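Produce the entire structure from the sequences given, and follow the hints as far as they go.
Listed below are the residues making up each chain.
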Amino acid sequence: MAVRAQPINKGIALAGSAAILVVALLVLAPVGALFARAEGAGGISTYGWSVVRFTVFQAVLSALISVTLAIPVASALARRDFRGRGLVLSLMGAPFLLPSIVAVFGLLAIWGRSGIFSDILASFGAGPLDIYGLTGILLAHVFFNLPLVVRMILQGWAAVPVEHFRLAAQLGLGPRPTFRLIEMPLLRGVVPAAFLVTFLLCMTSFAIVLALGGGPKATTVELAIYNALRFEFDLSSAAMLAIVQFALCITAAIVALNLTQNAGFGGGLMTARQRWGDTRLAFWQDTILITITLIFLGLPMLAILFRGINGLGAGLPSGILTSLLISLGIALTSAALAISLALALAHLIDSLRGKFGKTIEVFAFLTLAASPFVIGTGLFIMINPYFSPFALALPITALVNAAITLPLALRILLPALTRIRQNYGQTADSIGMQGWARFRLLTWPQMRAEIGFATGLCAALSMGDLGVITLFAPPDIATLPLVMYRLMGSYRIEAAAAVALILTTSSFTLFWIFDRGGRLGNTS
Amino acid sequence: MKKILMSAALLTSLGGALWAQDKPELIVYTYDSFVTDWGPGPAIETAFEAVCECELTFVPAGDGAALLSRVWLEGERSEADVVLGLDNSLMEPARDMGIFAPHNGIPENLSLPVGWTDDTFLPFDWGYLAFVYDNTKITEVPDSFAALAASDLSIVIEDPRSSTPGLGLVFWVKTVYGDDAAGIWEDLSDNIVTVTKGWSEAYGMFLEGEADMVLSYTTSPAYHLIAEEDSSKSAAIFTEGHFMQIEVAAKLAHTDQNELADMFLAFMADDAFQSVIPTTNWMYPVTAQELPAGFDTLTTPTPIDAVALTSDFRDEALSEWLSALSQ
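So the protein sequences, as listed, match chains A and B. The first sequence begins at 1 in our numbering and counts up one residue at a time. The second sequence begins at 1 in our numbering and counts up one residue at a time.
These are computed hints drawn from the structure, not numbers from a lab. Every value quoted in this text rests on a predicted model; they were computed, and no experiment measured them. Think of the CB as a built atom: it goes at the ideal place given N, C-alpha and C, for glycine as much as any other residue. Please note: incorrect hints may appear among the correct ones.
To be verified - Within a straight-line C-alpha distance of at most 20 Å, the following computed EDC-like cross-link-like pairs (lysine to aspartate or glutamate) qualify: (1) A:K217 x B:E79; (2) B:K137 x A:D119; (3) A:K217 x B:E186; (4) A:K217 x B:D190.
What the hints assert, rightly or not - Distance windows between CB atoms, simulated: (5) A:F124 x B:N135: 26 to 34 Å; (6) B:M97 x A:F124: 52 to 60 Å; (7) A:T322 x B:A43: 16 to 24 Å; (8) B:S323 x A:L121: 30 to 38 Å; (9) B:S323 x A:P175: 51 to 59 Å; (10) A:N9 x B:R95: 55 to 63 Å; (11) A:T68 x B:M97: 43 to 51 Å; (12) B:R77 x A:T135: 41 to 49 Å.
Printed below as a string of structure tokens:
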């Protein structure tokens with residue numbers, strides 16, 4: 001694969017460059033705008049650096065735990081076929097799609113000082129549980145990210161032809177050699193990137209860290225940025241902190257992407273999940289692991305469901321349907337944008353390969369490390385002299401949400417694209433299959449599942465994200481997350497829970513339609 | 001979908017533009033909960049439009065701090081004529097921005113527990129910060145920060161770096177305890193369950209039972225009593241006095257609706273405005289009003305001595321809070 005068979009397709013080069021430009025405009029330009037508007041040079045204090053250290057510390061730890069736990073869970077799910085497996089896989093997407101404040105209340109209903117476990121402890125005269133502090137932050141971050149990492153690793157599993165496992169069994173390889181020869185290379189292909197994504201998501205985590213962190217000991221860079229923008233009116237400090245976030249992101253991305261090694265398992269014909277040399281012990285281990293994971297992820301979701309159903313009695317605010325439609329519109333637009341950008345970038349990166357391709361991918365990851373407050377404020381400064389921010393509220397929200405979800409989509413699509421090239425690229429090249437025909441006849445059927453998963457993820461994430469809309473929101477237009485926050489801000493906690501339920505159900509449905517749609521007819 | 005939305009948005013703005021030709025439009029930026037169905041916004045809009053021969057548009061722009069940063073970023077291009085919903089903790093930074101113009105005089109019927117002399121900002125409602133608790137669960141109620149710190153009671157507070165009540169709390173402790181404030185925070189640190197981004201999260205966590213008390217307002221129990229017929233919430237009264245959060249509005253210097261803006265600021269002291277405040281914003285009105293049934297059950301504390309909430313005072317109070325709770 002060292003020699004490029006053909007020069008890079010012009011369409012790919014053009015679309016890819018356009019996507020890079022969009023990313024630069026959304027990520028770098030706002031920071032520049034902040035500096036340009038700033039009066040005086042703000043720096044980062046000693047305290048600021050301790051905040052940076054804590055941010056990195058909790059993010060590394062969160063990512064490490066999420067990935068370590070996700071590996072055995074993903075193996076178990078990859079090995080086992082059971083009724084409802086498809087539903088379980090879809091449901092595992094759900095925690096990740098929750099707006100952070102909704103997740104916090106769901107987790108507290110289970111793990112809080114008055115949660116289920118504290119109640120159980122109390123009946124034995126112990127407790128209550130106190131998760132506030134690092135424990136709470138890690139718990140919430142694992143709850144959020146474990147399912148995502150599991151899904152990313154499962155993608156890696158799906159790329160291994162079943163023939164490999166059959167051969168391993170025929171050769172009488174035990175679990176260890178099988179792990180070394182098949183699972184290990186598989187994991188090296190997906191785990192570093194999954195770690196990176198989780199690290200970046202946890203690095204910019206804000207409401208969760210504040211709610212569960214227990215006090216100012218747990219202060220993240222995002223809070224410092226928020227404080228600088230909203231209370232100190234110190235644009236330059238905010239911009240400096242944004243650059244620190246970028247530097248951390250670039251470092252992490254370079255390390256992670258260099259650790260990534262594509263195994264190149266080759267193509268296969270068999271797709272059914274079938275086990276050879278299975279043992280009773282292994283069966284029970286997997287079953288117990290899957291059950292515990294489902295309970296861990298499911299209980300808070302059930303709590304959110306019950307809170308929401310209770311809240312429905314409190315009545316919904318007028319205009320909730322309009323808000324739902326607006327949110328759906330933003331979600332679909334931004335998912336379409338994110339997938340287009342990701343496909344353009346993935347094709348470019350895959351054609352370039354090597355160092356240059358990796359640089360582009362690292363660059364694309366910046367959008368995940370960028371603070372939404374910085375992007376929002378920066379764009380606001382850039383747009384305000386020319387247009388009314390109200391008029392552009394919806395398109396900008398969709399665009400920014402697309403940018404933030406882009407790295408996720410890219411990470412899901414790129415390995416699939418590389419796999420297709422490795423397995424079918426030469427054949428396709430030899431018959432001159434290029435451009436649209438290649439996408440329609442080869443790429444699309446081969447990566448439908450990945451495209452579906454990525455689209456669902458982007459749409460649902462964009463739906464639940466409050467994002468930049470607050471800074472631009474025109475008088476009469478409110479998204480569902482905005483409505484929820486407004487209810488919470490006016491004592492209407494129960495009605496807010498009901499809106500949270502509507503929001504979560506609809507974003508999950510969106511996710512499910514795309515994810516399921518992509519996998520339909522596939523067995524992976 | 002997108003097309004439908006876009007054309008709907010376009011129609012709305014076109015409609016608004018046509019309408020605006022008939023009547024002048026006054027644009028008031030405010031915080032989110034003010035304009036919701038259950039907030040004071042709708043009633044005040046109707047009442048003001050009945051007398052102003054104008055179109056009043058409330059624009060929700062996040063919370064108090066987001067509001068200020070929004071008009072600051074917009075600068076002279078801001079469409080806002082009036083900003084409503086800053087509070088006394090934000091007045092100094094707001095004044096320093098130099099984007100607000102002096103008002104036309106303080107209404108004579110203003111009746112606050114403290115005097116009002118500011119020439120730029122006018123108050124429209126106020127409330128005492130207080131720790132709210134469930135009176136069916138807590139019987140020994142602390143009557144000071146020192147007593148609270150000495151007790152086993154758990155509390156949720158808001159972060160002063162991201163919320164105005166949180167900032168008010170830090171001012172409160174600093175005003176009452178002066179140089180001993182850091183010590184009080186150290187003693188309080190084992191009572192604090194967590195510090196949230198804003199009031200909503202803190203109050204929600206309290207209602208879920210995560211803490212015995214939450215930093216809110218003495219008027220919070222009135223909401224539960226009147227809107228939910230639930231008398232189980234009370235506010236702890238501290239003998240050392242309570243911090244008054246006073247919510248204010250001001251006219252922007254570059255407004256193109258100078259007279260209307262002045263008229264609106266004066267209207268804030270009108271009965272039509274003030275009478276809706278208690279049961280929509282759950283705060284006290286700034287003029288003498290007959291309070292709705294239920295408010296009479298609230299205990300009223302005394303205000304702490306007013307101090308100038310300067311940036312220096314804030315920085316000192318904040319850094320004490322930060323270092324005491326970071327240990």
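These are the hints, each one checked on the structure:
Among the hinted pairs, K217 (chain A) with E79 (chain B) is inconsistent with the structure: their alpha-carbon atoms are about 40 Å apart, more than 20 Å. Restraint check for K137 (chain B) and D119 (chain A): the C-alpha separation of about 16 Å stays at or below 20 Å, so the hint holds. Note on K217 (chain A) and E186 (chain B): the hinted pairing holds, with a Cα-Cα distance of about 13 Å set against a maximum of 20 Å. Pair hint K217 (chain A) plus D190 (chain B) holds up; C-alpha atoms about 13 Å apart against a cutoff of 20 Å.
The hinted range of 26 to 34 Å is satisfied by F124 (chain A) and N135 (chain B), whose Cβ atoms lie roughly 28 Å apart. The hinted window of 52 to 60 Å between M97 (chain B) and F124 (chain A) holds, with their beta carbons roughly 57 Å apart. A hinted range of 16 to 24 Å for the beta carbons of T322 (chain A) and A43 (chain B) is consistent with their spacing of about 22 Å. Taken as a hint, the range 30 to 38 Å holds for the pair S323 (chain B) and L121 (chain A), whose Cβ atoms sit roughly 34 Å apart.
A hinted range of 51 to 59 Å for the beta carbons of S323 (chain B) and P175 (chain A) is consistent with their spacing of about 53 Å. Distance hint check for N9 (chain A) and R95 (chain B): the Cβ-Cβ separation is about 60 Å, which falls inside the suggested range of 55 to 63 Å. Distance hint for T68 (chain A) and M97 (chain B): a CB-CB separation of about 49 Å, consistent with the stated range 43 to 51 Å. Between R77 (chain B) and T135 (chain A) the C-beta distance comes to about 47 Å, which sits within the given range of 41 to 49 Å.
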